[in-house]
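Mind docking chain B on chain A? Use the hints.
Taken in order, these protein sequences are the chains called A and B.
In terms of the numbering used here, the first sequence is numbered consecutively and its last residue is 324.
In terms of the numbering used here, the second sequence is numbered consecutively and its last residue is 1444.
To be clear, the hints were calculated from the coordinates, so they are not data collected in a lab.
Being a predicted model, the structure only gives us computed values, none of them experimental.
It is possible that part of the hints are untrue.
[Unchecked claim] DSSO-like mimics (lysine-lysine), calculated; alpha carbons at most 30 angstroms apart, straight line:
hint : chain 1 : residue 1 : chain 2 : residue 2
1    : B       : Lys1170   : A       : Lys242
2    : A       : Lys319    : B       : Lys1170
3    : B       : Lys1170   : A       : Lys320
4    : A       : Lys194    : B       : Lys1170
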Amino acid sequence: MKRREFLKLSGALTGAATTLYLPAGWTPAKAAAKWKIGFSQATTLEPWRVQFNKDIEAEAKNHPEVTLIITDGQDKTEKQVADVENLIVQQVDALLISPKESAGLTGVVEKAIDAKMPVIVLDRNVDTKRITQFIGGDNVLIGKAAGEYAVKLLGGPGKAQGNVVEIWGGMGTAPAHDRHDGFHAFTDKEPGIKYLLNNQSGDWKQDKAYNIMTTALRNNEKIDLVYGHNDPMAYGAYLAVKDAGREKDIKFIIGIDALPDEGVTWVHKGYLTATFLYATPGAEGLRQAIKLLNGEKIPPVITLPTLLVDKNNADGILKKNGLL
Amino acid sequence: MNLFRLLARTKLYWGLALICIVGAALSPHTSSGRNIFLSYNNLTDVLRQVSITGLVATGMTIVILLGGIDLSVGSVMGCSTIICAMLLTQPGWTAAAVMGVPAATVAIGLAAALFIRFVFNGLERGRDVDAGRRREIVLDAWRGWRIPALVGLAAAAATFFFAASQVPTKFGVLAVLIATPCFALMLGAINGALVVKGGLQPFIATLAMMVSALGIGRLTAGQDNAVIAVYTGTNATEAFEVLRSMVWGLVPMPSVFFLAAIVAFGAVLRFTTFGRYVYAIGGNAEAAKLSGIKVAQVQFAAYVISGLLAGVAAVLFVAQYRQGKPDAGSGLELDAIAAVVIGGTSLMGGRGSLAGTFVGVLIFGLLSDILQLENIDSNVQLLMKGLIIVGTVLVQEQNFGQLLTRWRSLAPSAAPALAGSAGPGRPPSAAEAPIEREDMHETS
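One chain only, chain B, in its complex shape:
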């Protein structure tokens, strides 16, 4: 019984294993007889290909766990690829620099201030217990906003001078890696503010952002440039190549970012109060509010994180495909939501995990890879992906064992029902009537 429960709980991993087995069995071989699917290069390719969707899905998971949704991630990423590509290829105060530099300044400043306050609040709580009330007077300054504000200002100033110093020439790798995600973070913050302060439904607020971010991207690029090409070594710094290199010849750089995000935010969700709050709010926002959780702050933070990760994905997109374009992420939000849902996270919020999302993203990526290796027609690929989403979600959403038992209990009465529909004019028997009623409930 315990074994069965363990199997049921880990069914997602079994699904992943199954896909791997199918992939290995079907895979073509090289002329020297090596299995292509299982080759190290193929598997790292898959890991690289899923990294962009994966980063976005990581942020999306947190938003969905809260019972929200972020439709804007694709557009925000597209818009950010433009910012990134322009910063890399065009010197001077272009529209991208005008938006990117202040965004980085404000975001880094606030982040530093919040971090300092968070750390000292924690320290202080510990010391209060040790030393009693006497220390409290000394530590009073730490508790307030004065010192965090000073540190924040210093960090903001440092960021500003660093970023502004790169404006006359073109941006370097580090500066782009700071400015682009910070810009996306600001768009995420607008989402958060609209949801939390404006009281808009997440669907509506992020839908609006989805449309506007596309517009911002196009306006920033200028009407004459639907695509901004990045030629590293020619019109952009050669160092940018780092972002699509293999780290120590082992792991593709985009995957390092993806794995780091999964691990970091997985730890946040699992081990911090913030993480517990996310699940509590997603489970029952009203109850969470009444028990003193600052619901608005947590929700706001989720949209900010989602934007931030979309920005990181944007930099990696530009590095991988050497171009920025406003519609770079079109359809990405749906891929991300699909991966999150395949990973077993409930769209109603409160239930799910980042480990699930990681597996969901991998299942999606491995599936694409197998279909591509098998050289299946593009149209058939789309159809099969749809079927896989439905299949995995059926297994995930319903408790699979429950589904099976329900199906088994229906089976004996379903047989006469089929016979009944074949024979005309036969009134429904008492046994099948409740089934019909149940079906009607589900469809209506």
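In isolation and in its complexed conformation, chain A is listed as follows:
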């Protein structure tokens, strides 16, 4: 009896707590919209994905004729498959999807195509040729830009000298390998560049990179350049350098992603030397979908360009995003 009462009470409390929270995240659908566009996001736990959603939502505000439905796959393939199935049932006019992984989501994307839905795939592709369009950044290209820049910092082509620490993103993830390969396409040509670490993965995380860098600093008396596969890891390395009191020795720290409230802010504060933009395809994806619904032709592939963010243009980007 007591136990039942307890369960009842805790149930009621949980319900009450949830209701209190709901209004924050819940937005009612706009009335009188011409088109319904569904967007299946893989996860919103990573800052880059959060920016991605911000970009697409900001773009949607410019188009009152569109109702945008965003779902969150919570970093689980099966949840995202269910999300897309749900969007198919809702008969959206176009489907945007940024898949968590290609293999697990190809099936449900084909199901949407079979239901006569135009599908635009963002960031990571799926294993089918039947999609309407793919929009994404090119990590090899960004890695190359970072590599070229690193060579320039260390003395220029043919003369570059220095000890480099590279902190990997998640091992076995395509972006990490692409960012590695692109970088090395330039730096491997330089006989003066020495690599100090052997495939050390910070798993994209600031805290793990901090610990890797702490040991690397202990192990090596001379480090010239740190290359993190993303900005939080580069920043984590900077914090380790700062805590070890060696900001003077380590000349350059480079990251990738250039989110306004992360990488760009850190460049602006002088923590990072530079970061390279890995643009989110959010805004472009929605624009392309609207073009398509208006009857225009759209190309099968769009590759988003990168951008070097250093102390010269960081302030401008922050101002544009209302952060300065």
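Just chain B, lined up with the frame of chain A:
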């Protein structure tokens, strides 16, 4: 014989010594020829790196000694880093303040009331013996709840005014150090209540909390903020730096918290009735209940302690890595359980110690450090850590001497068995048949 037993009993410490020797032997040297692994800075770094896992493992040990498990610690810590980071960087009644301030008020109030009652109950028992029944009438008020309740209310009010006074500006170090662990403690209390009152299995109850705490963390931070950055001196108080400084240039602050927790709860487990109850319940909950131990209260307290320590770990995480994020502690519960198990605590409960956990945490930390200093590929590191867990637990779980003797007794009959499997069609001999049967028992 006695020496052998002593060696067997202290085998965990020998393992630690072995790891240290291996680390020192393999370690790279600085250009001036100093051994890096043995350098003071490296060893204090290891001690700092293990502190967060260590704090969580301390609470986990008590829960596991009771035969329970707490899967929620990682999420609870992640959620608490958000609370901590928000309190530090955002003024006003944010979601974090709305939850943190009442949590601190209630937790401190109750703790004060319980403490006063505990102290006076003890005093009274002593005096009763001295002075006989006459005093009992005078002391009656102490024995009841009236005075503890008054003290509790006073403490709660003081906490509330202290915390609320910090809300309009941002929270200071002390306020964060009170509010964040108290918030985590509340989540731990929910775990405890679900297990004790709801009658849920610990695995299920804490699994549910593991999922919900992640949700609470994300909702609190808001959908737009997967990560809350803390820049001390810019958007948060500079005093917060204290929590990752070196104390007198000797010990990292996080390690001070870790060592204090180990010593305090080690003493509780060893010298107090509460500690004896923990072992008794873990050994046989039914027997403990029948002999009059308040099993539910002890279990409840264990989950509360586990939550509290996860909250302390959260503050230290924010201080060290300058950020709060909902998934900060992902996988932490497994690291903590691994450390507890390496330390020789049985997952069935009733057997183990905090000293073991301390060594287990250190073994894990030193191992990571050696692999990192040796610059071993990340993937190989994972594999080696897995092997070390299996190895140490084999040595720990089975009585190692027993394992050796059993192996030796198997050895003569194992040789023909191998030969038998090589030669086709040979029927198993009588000698190897019982071995096969024994294996089948273990696998099925």
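| What hints, given by number in increasing order, does this structure fail? | Number 4 only.
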